[in-house]
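Trainee: Each chain is listed here by its residues.
4 protein chains.
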Amino acid sequence: MQTTSPIETSNISTRDYLTVAEEVAANLAANAIQYDAEAGLPTEEVSMLKESGLLLLPVPREYGGAGASWPQLYRVVQILASGSGSIGQIYANHICLVNAAVALGRPGQAEQSYRITAEQNLLWANALNARDGRLKLEATPYGFIARGVKSFGTGVAVGDINVIGATMDGVDHPMVFTIPGDRQGVNYNHDWHNMGQRRTASGSYSFDNVQVSPEDIVGPPQDMTSAFLTLVFSLSQMSKVFTYLGIADGALNAARDYTLTMSRPWQGSGIEQASQDPYILQKYGELWADLQAAIALADQGARKIQQGWDKGTSLTAEGRGEIAIAVAAAKTVAIKAGLSVTNEIFEVMGARATSSRYGFDRYWRDLRTFSLHDPRAYKHKEIGNWFLNQEYPVPSQYS
Amino acid sequence: MQTTSPIETSNISTRDYLTVAEEVAANLAANAIQYDAEAGLPTEEVSMLKESGLLLLPVPREYGGAGASWPQLYRVVQILASGSGSIGQIYANHICLVNAAVALGRPGQAEQSYRITAEQNLLWANALNARDGRLKLEATPYGFIARGVKSFGTGVAVGDINVIGATMDGVDHPMVFTIPGDRQGVNYNHDWHNMGQRRTASGSYSFDNVQVSPEDIVGPPQDMTSAFLTLVFSLSQMSKVFTYLGIADGALNAARDYTLTMSRPWQGSGIEQASQDPYILQKYGELWADLQAAIALADQGARKIQQGWDKGTSLTAEGRGEIAIAVAAAKTVAIKAGLSVTNEIFEVMGARATSSRYGFDRYWRDLRTFSLHDPRAYKHKEIGNWFLNQEYPVPSQYS
Amino acid sequence: MQTTSPIETSNISTRDYLTVAEEVAANLAANAIQYDAEAGLPTEEVSMLKESGLLLLPVPREYGGAGASWPQLYRVVQILASGSGSIGQIYANHICLVNAAVALGRPGQAEQSYRITAEQNLLWANALNARDGRLKLEATPYGFIARGVKSFGTGVAVGDINVIGATMDGVDHPMVFTIPGDRQGVNYNHDWHNMGQRRTASGSYSFDNVQVSPEDIVGPPQDMTSAFLTLVFSLSQMSKVFTYLGIADGALNAARDYTLTMSRPWQGSGIEQASQDPYILQKYGELWADLQAAIALADQGARKIQQGWDKGTSLTAEGRGEIAIAVAAAKTVAIKAGLSVTNEIFEVMGARATSSRYGFDRYWRDLRTFSLHDPRAYKHKEIGNWFLNQEYPVPSQYS
Amino acid sequence: MQTTSPIETSNISTRDYLTVAEEVAANLAANAIQYDAEAGLPTEEVSMLKESGLLLLPVPREYGGAGASWPQLYRVVQILASGSGSIGQIYANHICLVNAAVALGRPGQAEQSYRITAEQNLLWANALNARDGRLKLEATPYGFIARGVKSFGTGVAVGDINVIGATMDGVDHPMVFTIPGDRQGVNYNHDWHNMGQRRTASGSYSFDNVQVSPEDIVGPPQDMTSAFLTLVFSLSQMSKVFTYLGIADGALNAARDYTLTMSRPWQGSGIEQASQDPYILQKYGELWADLQAAIALADQGARKIQQGWDKGTSLTAEGRGEIAIAVAAAKTVAIKAGLSVTNEIFEVMGARATSSRYGFDRYWRDLRTFSLHDPRAYKHKEIGNWFLNQEYPVPSQYS
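Protein chains in written order, with the working numbering: chain A, 1 to 399; chain B, 1001 to 1399; chain C, 2001 to 2399; chain D, 3001 to 3399.
Each hint should be verified, as a subset may be incorrect.
[What the hints assert, rightly or not] Here are the simulated lysine-lysine pairs, DSS-like style, with alpha carbons at most 30 Å apart:
| hint | chain 1 | residue 1 | chain 2 | residue 2 |
| --- | --- | --- | --- | --- |
| 1 | A | LYS336 | B | LYS1336 |
| 2 | C | LYS2336 | D | LYS3336 |
| 3 | C | LYS2336 | A | LYS336 |
| 4 | B | LYS1336 | D | LYS3336 |
| 5 | B | LYS1336 | C | LYS2336 |
| 6 | D | LYS3336 | A | LYS336 |
Just so you know, the hints here were simulated from the structure itself, not pulled from any lab data.
Remember, predicted model here, so these are calculated numbers, not experimental data.
All chains, please: the whole structure from these sequences, using the hints.
Mentor: Rendered as structure tokens:
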């Protein structure tokens, strides 16, 4: 597993975690163009995360973490994503996976997850995608054996603990297990060649007779009927929303710096500096205002998630449904605002900003790539169905 | 002045003011089509406001009011505007005018405003527009005399206390005074013929030798240099934002009721009820989500206004500037979302919804009319100038 | 029938029909606000049409008309609609109805239609809507009797020849017949109370034992299997498109006049005339450019319609399908551009332009009302289905 | 210079030039992902152009070419750009440069350009950008010497004849000269590292004492005052418009192929094929319709250009101004439609379409890069200034 010495949680007080995140984001941004060009494993970035102490933010204080709330955690996602969309995504997964056992684990399992994460400063990653059922789990007298393939195992190659989804003959629900990053038989196929989020190592993984002990299996939870179980999907969806917002934030701020220092006033505009151009000012104002609305809606949704999380297994289906609608709305609005920002910043920077040396296209490529898991049209349909017909979305990985 | 007996503030606890507002809004909506057709004075609606007790919401508890915060007051504006854009606007003015003396009045003046408002259940209205300087104030040995005309005196014909702006020779700033609604010499010209907000009596007023006593003059405030003085413009701007949001809310909900009960499924859609049409569901979802983002941003701005208000004269120019930016952003986003809603609801209702019996066009006419005071392009420019150049808007009636 | 003396076709040469149309449009615009306020029958406007000679434009030269092509006729629709959306619609119907018998009539019927139209300068109107099957035709020994009601009989109260759709027991397709405007038993219910297109008399009509002779029945056509039959729906759909474009044109030009003469420069803009404001110029440029694109696409579609029309019964299903797609595309683009124009002109005129004296809201009300017959979403779906799956729309009143 | 044997113009009849262009586009598309990845010189693509005979399209028949009109030439630009945005741009430049001497050359110079182009099947390229004045022309007893640097010399490294702009002491207008591609002293710096249009070799060129003979100088034209002179800027602007349209076309068609063969239906959609999804169909329909409107407007503009071109030096300033407005409108509409297409195709393809193996992001990168030369806001301003104030744009490289 990882060998860097664990970071004291005292490094991450609730007072300064935003500052720490900002520093990490600045470091990520400093090399973002090179990382994007190289793709490959985000080894350096994960080291930054570990040294920063931010991996311990989601762990409750009693287990040695910083006990950050969901709104706080999501803000850190947003900040990290402003430096690197890929690392925003990896951290977004981490905060959800660390907490998944609270809802999905058997009694005591979440506590154990928290404890080892804090003690050893661990990064969580996953290959859960339920649409890919090619990884099989088989029971043997000596535990389980996993065989097969998972596509889209985001960050598994650099994760200290990986959460894996598999199917098992005779079991009609997905099996989920956690294994350490160095568990034998798991091989990354180095096949993540993509137009965006290039530093997430989101390619496929082969499992060659991987041992999975009964303790590795997640769950079963005490209450199998609670709406709380599927709140983990909402946690995860919302972590994506803040990744989008962070990418857009990063793009808008980078564009501003460019306009202030590099853009030339348009000929015939009668203006001496691009930063005084009426149309450039207007466009920045519009992009900023629309993005703030998206952030405000996401923040409101994050507060609802925290309230639902605090309810635990007493969360009702209606309560879960309200959160799902809030998350769906935040998602569609964030994508719209983010696409406008990453697309239109070029119009306030000018033609020379398309040079590869600035890498400004990576914001659009990252956001465009990461915003396609579930179609916006269907998100809007779900919201409309609730607004018109009072029907909540059927809980699923996406709803 | 008004003769209905004052409402006990106990009628309006912080617990149930939203319910009261919802009831008033439902009553306003019930006659909204007729009111819109007739235009004229909103006498009935003002009676509803008085009977509801909502006029006392903004008055602090120690003076006999309900002591509602700005976020609470703005929510009531939004709710009332969902029933009637005109009454939303009138109430929006009321809550700002009742409080104006806190920032602009001389010591003791605000307390007096609060006291008489609570004791007599008064509605405040105004004719302040600084762009119209035709009303002159003249000093005489027996006090002041006001002569001239004010265009756009919203609700002055039904106001119990009217706040009036005038110019005075030798004085380089606008003079503001308050006079009771029955002060002799003030005549409404019944000339508010407009495509929207038709029930605000926003026409012109003639002042024929109107007596204005020195006590009627607002101010001067103790600290003439404070940024707090111009926070009243932000209060007022934000009250407009929530009026827009309320109009949009009212439109979206009215459309839903129509779609559920009246819309026919499109031929060839293969669907039995319009409320199951995939495109109708999608459109409602999109309109709702975008409107929620606008509301969330406005709510965030309302909280900032409360923080600034609580600072009083210790509010800095920077603090005031941050609020101005928040208000400008909320305004542009609310207008955009509201125009989409009031324009596109027809596409999810169908051609028959254009019958005058439903009056659905009034939402667009109201919003379109009331959203034009200051151009969105310049709002965006101000925001952009702050985002790029760290310059706050120059405080004015609109910024 | 009408009593004004017939206009010589020589009044309307192909050289100057656009000038004539512009003059009529200017006259329509001069009273448009009053017409819109009064609603009621468009008697004055129909007189203008008759005196102009424009009713004879669609009649071939050999029958005494001007023999204008479809692109020419549609341009006249656009021009008339720029002065009055209602009259645009009425004229749009006229040009299609005069020609309907070419495709739908039995041999000789079209020639007869042309001849009497030219001789007597007749206006054609209709109550065809196939979704309303309450008008019944019954065969008797002395011809047919029509009994029942038609909703939405646009202009029938002022039409010289009205084309009526009815159902008949034992006949599985709609029956269509033409009757003179003074045929006994047809009564207008004066119930067109609508937010837009208020001067079209589009209310319901009662048929009390109306005599319909066998000669009044339209058809049957010689070739019942030809795709040419349903081309009449495309003609009609396209005439609506040009009505939209005309309304938008009228709005944009009226706004320009207002901005040039009435709008005030925004305070703090540093500009002396609104017509120099950078944002106002930009917005006009954007609205104009987008509208030109819509017009260019409609013009292209009009040329395709002419080609299809010229093919007559040799038009193939594929040829008809191509036209249907062209019309659907033109329709969606025209509505989008038109809604932008009629909604956003207020932002380049300013708040005072909302006064009822200018009546600028009628453009939006007219367009919004008339653009709802068939949902844009389904138009786009049809286009998409052709683009993806090579399937043409099933011919219908709307496709 | 080039060594492939010249193509007979008989290869390119007006009958089949579109077929030829489609074939070349298909070949370009087949390797587009690799070309985009490698960047570098478009040597292979230029060979395709030469073999196709398309380089001779713009040359009049009397000089051995195909004598295509501007609308025909622009259509070929569009088709080529659908296969490769870079080659669309290179060919767009070619057709304008071949013709430039008609307006700018001294008597006989255009004829000479045509003749050698046809005889030797030559590709024209340029480094003209007037905003970069670092290349100096100096008169010597033995002709001129060019020294300095030009940035953005699109395709000069592969051009057979290059048109170069330079400044000369004592001359207040730019000097333009043409030199063969193998003229000694011109060196490409291989520094075109850009996010889009990566195969245009648009980097900088150094001129080390390059000999320029008096015959190489373009002009002076016979009539120095004609509006015809600056029509070349309109030709060039319009060629860019059709490049945008081609990129969008290519994107939309490539997306269709993907949706039909690769996209999976959304879970819970109840649909078996993505190509039957109602939202996917709708989105394709919308993108296609909007793109057709942009094409129709551009086509209209192209016809106006041809009319202006045919007028020659009798073109008036007003005539030139009308064309400039038409081009500006076409440009803004094409960019808007193109950005929608290249951005939104991902939503109808799905997440897996972001794999680098498909290279779908290149459409957005190419269009975004090539659409930034002159800000859309200023284009709209120019149009608005004409629409409101009847002022034509001041002729310039961009207007």
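Trainee: So, for every hint listed, does it hold in this structure?
Mentor: Hints, verified against the model:
Note on A/LYS336 and B/LYS1336: the hinted pairing holds, with a Cα-Cα distance of about 14 Å set against a maximum of 30 Å. For the proposed pair C/LYS2336 and D/LYS3336, the alpha carbon gap of about 14 Å is at most 30 Å, so the pair holds. Using a Cα cut-off of 30 Å, the hinted pair C/LYS2336 and A/LYS336 holds, with the two alpha carbons roughly 19 Å apart. Distance restraint check for B/LYS1336 and D/LYS3336: the Cα-Cα separation of roughly 19 Å lies within the 30 Å cut-off, and the hinted pair is therefore satisfied.
Note on B/LYS1336 and C/LYS2336: the hinted pairing holds, with a Cα-Cα distance of about 16 Å set against a maximum of 30 Å. With a C-alpha separation of about 16 Å, the suggested pairing of D/LYS3336 with A/LYS336 holds against the 30 Å cut-off.
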